[in-house]
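*Asks:* The residues making up each chain are set out below.
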Amino acid sequence: MNVVIDWIAFFQVFAAALLGAAAIVTFYALGLRLLVRSGRAPVVSPAEFTDAITAISEKELKRPEKQAAKAARKSPLTEGQKTVALVGAYGCFALCAAAVVAGILMLVIGH
Amino acid sequence: MVCAERGTAGSEGSVSHRPTLSQVELTGTGEGGRIYRGRLTEVKPTVNSSFVTSITSTSPSFLNDRKRTVETAALIVVLVIALALFFDFTNGFHDTANAMATPIATGALKPKTAVLLAAVLNLVGAFLSTEVSKTISGGIIREDAIISAGADLFLSLIFAGLIGAITWNMLTWLLGLPSSSSHALFGGLIGATLVGAGLGGIDFGMVLSKIVLPALIAPVTAGLIAFAATKIAYSVTRRYDGKPDGRDGFRWGQIFTSSLVALAHGTNDAQKTMGVITLAMITIGWQSGAHHEPELWVIIACAFTIALGTYLGGWRIIRTLGKGLTDVKPAQGFAAESSTAATILASSALGFALSTTQVASGSVIGSGLGRRGSTVRWRTAGRIGVGWLLTLPAAGGVGALAALLVVWLGNWGVAIDAVIAVVIILGLFLRSRRNAVTPANAMSDVAESGMAIELPDTPPPTRRQVRIEQAKAEAKARAEAREKAKAQAKAQARKDAEAKAEKKARAKAAKSSTSNAGAKRNGESE
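Quick note, the sequences are listed as chains D and U, same order. Each residue of the first sequence is one higher than the last, beginning at 1 in our numbering. Each residue of the second sequence is one higher than the last, beginning at 1 in our numbering.
Among the clues, some could well be false.
[As the list claims (entries may be wrong)] Taking lysine-lysine and the DSS-like style, the derived pairs with C-alpha atoms no more than 30 Å apart in a straight line are: (1) U:Lys329 with D:Lys70; (2) U:Lys472 with D:Lys70; (3) D:Lys59 with U:Lys243; (4) U:Lys503 with U:Lys490; (5) U:Lys472 with D:Lys74; (6) D:Lys82 with U:Lys243; (7) U:Lys231 with D:Lys62; (8) U:Lys495 with U:Lys484; (9) U:Lys329 with D:Lys82; (10) U:Lys110 with D:Lys66; (11) U:Lys486 with U:Lys500; (12) U:Lys508 with U:Lys490; (13) D:Lys74 with U:Lys243; (14) D:Lys66 with U:Lys231; (15) U:Lys110 with U:Lys243; (16) U:Lys112 with D:Lys62; (17) U:Lys110 with D:Lys62; (18) D:Lys70 with U:Lys243; (19) U:Lys476 with D:Lys74; (20) D:Lys74 with U:Lys329; (21) D:Lys62 with U:Lys329; (22) D:Lys70 with U:Lys476; (23) D:Lys62 with D:Lys82; (24) U:Lys472 with U:Lys486; (25) U:Lys484 with U:Lys472; (26) U:Lys329 with D:Lys66; (27) D:Lys66 with U:Lys243; (28) U:Lys486 with U:Lys504; (29) U:Lys231 with D:Lys82; (30) D:Lys70 with U:Lys231; (31) D:Lys62 with U:Lys243; (32) D:Lys59 with U:Lys110; (33) U:Lys508 with U:Lys495; (34) U:Lys472 with D:Lys66; (35) D:Lys59 with U:Lys112; (36) D:Lys59 with U:Lys329; (37) D:Lys59 with D:Lys70.
These aren't lab readings, by the way, just hints derived from the structure by calculation.
Assemble the whole structure, with the sequences as input and the hints as a guide.
*Replies:* Pasting the structure below:
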């Protein structure tokens with residue numbers, strides 16, 4: 001019995017998945033970083049405190065917002081630099097979305 | 001590559017089917033895949049006729065019996081479709097909601113929203129690709145073996161395989177063992193075919209390269225990718241000045257990545273049932289064997305069944321998830337989800353049928369390891385690994401048993417199998433009605449795999465943090481040394497001053513004493 005195993009296909013899957021995941025994570029993280037730099041640090045509290053998440057009080061929820069506002073006030077960057085960072089952040093998010101769309105299109109059209 | 005593989009399989013099969021090979025040569029197609037397909041179309045009519053003649057030769061009345069066989073076969077096909085759809089439902093019921101394990105655990109989505117989103121996106125995903133379905137309907141089980149076994153028997157074998165899959169699924173669920181619906185399905189089908197059609201019935205190259213090896217490799221590669229992605233996510237957003245790092249924003253991102261995971265689930269999980277139904281349809285001749293794509297109504301039925309299963313099964317995950325994945329942070333969840341989605345989507349594109357639960361578990365473990373200071377709980381990890389490896393052969397064993405009944409008892413065996421199926425389905429239904437949550441049944445597999453990683457409350461510092469700390473300590477030491485030196489210098493100065501003063505005083509005293517002595521001497525001399 002002649003058993004043919006397509007090892008190259010495994011490598012293709014691994015490479016494609018690694019590339020895709022790394023691209024999404026890198027661009028998204030970079031976008032967040034630039035967002036923070038532009039003085040708009042995202043503060044997102046949990047949508048619902050399930051058993052898995054330790055519930056925190058209103059005051060504790062406000063603390064990160066205050067910290068973010070304080071950091072933004074103390075930012076040494078000029079307004080122009082902040083705008084550049086913000087544009088960069090949205091650019092990164094757009095690239096991230098483009099990577100996802102490209103992946104799905106490759107799946108649908110590629111075969 | 002896929003084409004080349006099919007070509008080999010086709011030429012192998014053609015050894016036992018000389019006449020068909022010549023027919024293919026007549027059609028004159030050069031490409032490997034086409035030869036295979038061409039052979040199938042040529043063979044199909046002969047199947048039905050030989051199958052019918054074998055029955056008619058033993059029967060007294062030609063027409064009646066032929067009608068009855070067709071009716072029996074049709075009945076079995078309907079049974080297979082019903083059972084396959086039920087399997088699809090259970091698959092959605094306790095596997096697919098796992099896509100939403102991480103976003104619920106980090107609070108990115110409300111549990112109810114998450115489950116609804118998972119159901120809708122599974123529905124959409126099921127329409128995106130049919131590669132995995134084609135793997136099952138057109139590659140694993142050799143059509144020439146189906147032909148030699150007879151369409152009737154083969155349908156019963158698919159039925160037996162499904163029974164094996166569902167039985168094993170239910171057993172693992174009751175015992176709280178980590179398992180995979182997909183592997184149970186493949187194991188059942190392979191086991192039943194091995195018993196019914198022998199070793200030649202399975203295309204082992206295809207089974208190894210499209211099912212067994214992806215099953216073993218995919219969770220590991222997903223883990224590796226998740227590990228790398230977690231490292232990237234943390235290192236890009238890390239700050240050393242204690243200001244907000246914006247990692248909260250990963251919660252937004254998780255809404256998108258977890259949606260992507262649900263979509264990927266649809267492209268892989270729903271396809272498996274489509275493949276089985278298509279295989280049954282091809283076997284009975286309701287669908288031409290020339291193409292292995294599922295019919296539109298099959299796609300729609302499977303897509304809606306898995307979506308319904310996902311939605312109805314969601315309550316379980318809402319209630320139980322909290323007990324498992326306690327320590328997932330948004331950045332980590334984001335990395336794990338993007339790795340899961342990327343792995344499943346890439347595999348679906350190439351037609352690899354893998355266990356989506358295992359890929360998600362592998363990602364959660366990998367991303368846990370990507371966080372600083374994490375250690376593996378080897379006991380839990382080992383238990384999960386054993387469950388993964390065990391599913392395929394165990395479901396194969398159950399499927400083989402069900403197939404033995406069919407081989408020994410014929411239609412009676414099918415009837416007994418059907419009764420067993422009904423009992424199992426009823427049992428499953430009653431089990432799902434019971435609301436007891438115990439450690440054995442409470443956790444989803446993905447949540448359980450999160451327990452394989454232990455994380456400290458305060459992670460050890462990174463190399464750069466160590467360097468910064470060191471630099472701080474050095475600066476402090478230097479300042480202290482300077483301080484000390486200053487103090488020493490001051491003390492020395494004071495000492496010197498004291499010594500000087502003492503010397504002065506002594507000199508003064510000496511002077512006065514000498515002047516006294518001089519006066520004395522003067523007085524003496526006077």
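*Asks:* For this structure, which hints from the list above don't hold up?
*Replies:* none
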